[in-house]
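Position chain L against the provided structure of chain U, taking the given hints into account.
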Amino acid sequence: MSDEMRATDLTCDDVREMAGSFVLGALDPAEDAAVRAHLATCDDAHAEIADAGSVLPVLLESVPVVEPSAALKGRIMAAAAADLEARSTPPAAAPAAAAAAPSLAPASTVTEPIPFPTETDRADRSAAQAAPTRTTSPVAWVLRIAAVVGIVALVGWNLLLQNQLNGAEQYQRDVAAVLQLAAKDGSMTAVLRPAETSEAAGLAAMNPDGTLTLAVHDLDPTKGNEVYEAWLIGEDKVPVAIGGFEVGRDGTGFLATSGVTPAAGIQVVLTLEPAPGATAPAGPVVSSGAASAVA
Amino acid sequence: MTDESGSLQRRVASPVDDADRAVLERIVAGDVHALEALYDRYRTMAYSIAYRITNDATLAEDVVQDAFLGAWRNAGRYVEGRGSVKTWLLSIVHHRAIDAIRRRKPTTELPEREDVPPAELRLPDIWAEVSANLDADAVRGAMAVLSDVQRQAIELAYFGGLTQQEIAFRMDTPLGTVKSRMRLGLLAMRRALTDDDAGDLEPVAPDGSVPDGGAP
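Chains as they are written, first to last, in numbering that gives the first Met the number 0: chain U, 0 to 294; chain L, 0 to 215.
Check before you lean on any hint, since a few could be wrong.
Stated by the list, open to error - So these bits of chain U aren't anywhere near chain L, every CB distance computed over 12 Å:
hint, residue
1, 55
2, 184
3, 236
4, 257
5, 260
6, 291
To be verified - Restraint ranges, calculated between C-beta atoms of paired labels, are given here:
hint, chain 1, residue 1, chain 2, residue 2, range
7, U, 233, L, 29, 21 to 27 Å
8, L, 76, U, 44, 22 to 28 Å
9, L, 148, U, 224, 39 to 45 Å
10, U, 239, L, 169, 52 to 58 Å
11, L, 13, U, 293, 43 to 49 Å
12, U, 224, L, 174, 47 to 53 Å
13, U, 283, L, 28, 25 to 31 Å
14, U, 279, L, 136, 37 to 43 Å
Treat the hints as calculated values from the structure; they're not laboratory data.
Built from N, CA and C at the ideal position, the CB exists for glycine as well.
Chain U with its partners taken away, still in its complex shape:
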């Protein structure tokens, strides 16, 4: 009510003066509501608001570039996959599903709040993230995991050890994520070897829980709509798309997905597709390998 009272107090000049504050989100809630109420009833189009707002994307483009950790993608994909599963859960079973995954709302309630991770979640995770990196260099950490898994020789470690390419660091982080999954009980790995016309090689890991990660280096950068698409080919010989990614100048690619069904001997194949969303491989195979159990 008081907001409406205040709205009638705002003149067009007041609103014009606040155009910048309004689009930048610098008004307190009462002021913000007053501006919105004015705009809803005013005959003036107040183009200065749309004009000021039109450059916000430029501000967003101006921030310094930083890369997230490779593990973030896995968390997001896992949460989305769990969300998808919750959508197909009948309403009667919903409470159980909600209890199992408290951070995920069923899709039928799209307007429901998106829960924000709790402070405890964050503290736990930052402790977990900080532990390996604070005391150990990423290279040492990757090598340590690799030694445990016992597959050091299978991957292009010369790249890692030279440590001179831009992509090497990214690839290290990606491989670290793959090795983490490979180290889990029941996981299988596939070494991806280059196809004839390519030098792309890498490593994939998959677990019976359906998660799969894959890291590849020496890929040609994607152009336009191009994407690298990964496929699983089982006994039935039918390629199943499991996800795609673009590749920048560093030549490294990473994929983390869930919902796959691993099996010994299953082929992991990477193709270069002209556009995202292919349901059958159309482009050339750049790298492939067969999955086997981690010894």
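Relative to chain U, chain L alone:
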């Protein structure tokens, strides 16, 4: 609000927009691979924005996760014509990051925000961008037209989450001047991006073209 105000020139759908819209349609249909494609394309920008605002790697990743899940669940609410998919997505990231740092503040600093439910999903306002797919030079050119105090006020608001009153206090400047700095700064950026032809931007000369203070 301002529908088809005619001031939104040069908004040309690019092939990237088309591809993004196709990806969004697949997300609406519940295709997790499409979410993955969206993530792969925008993870760097999304994280960079979240990190610029939160200055905290763990919190920034939470924000990005939150925003992509928000996009995953609300892709059907994207309105074509209000902005590109990219701007829509990055605005959600921005919005969630500002929410996150405002919640991190001691509540005594911001008494009137306590009644905002912490996890409420409010999709951000999107204004059609001045020009789709700007290159780095154009961005630098547009930022270069801002005076120091204009940039400071705009960044304290947009990346610091401060209200205009808080900015006035922080900059030890009258409120009216702060409002002018933000408004005139943004409009000067727009002029820089629309007066010149795209791709050939030169900073607007400081004399008179970037006035500071002095509300109308």
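Results of checking the hints against the structure:
no.	hint	verdict
1	55	7 Å, violated
2	184	24 Å, holds
3	236	21 Å, holds
4	257	8 Å, violated
5	260	15 Å, holds
6	291	25 Å, holds
7	U:233 / L:29: 21 to 27 Å	23 Å, holds
8	L:76 / U:44: 22 to 28 Å	24 Å, holds
9	L:148 / U:224: 39 to 45 Å	43 Å, holds
10	U:239 / L:169: 52 to 58 Å	55 Å, holds
11	L:13 / U:293: 43 to 49 Å	45 Å, holds
12	U:224 / L:174: 47 to 53 Å	48 Å, holds
13	U:283 / L:28: 25 to 31 Å	28 Å, holds
14	U:279 / L:136: 37 to 43 Å	41 Å, holds
In this structure, the earlier hints numbered 1, 4 are contradicted, and the remaining ones agree with it.
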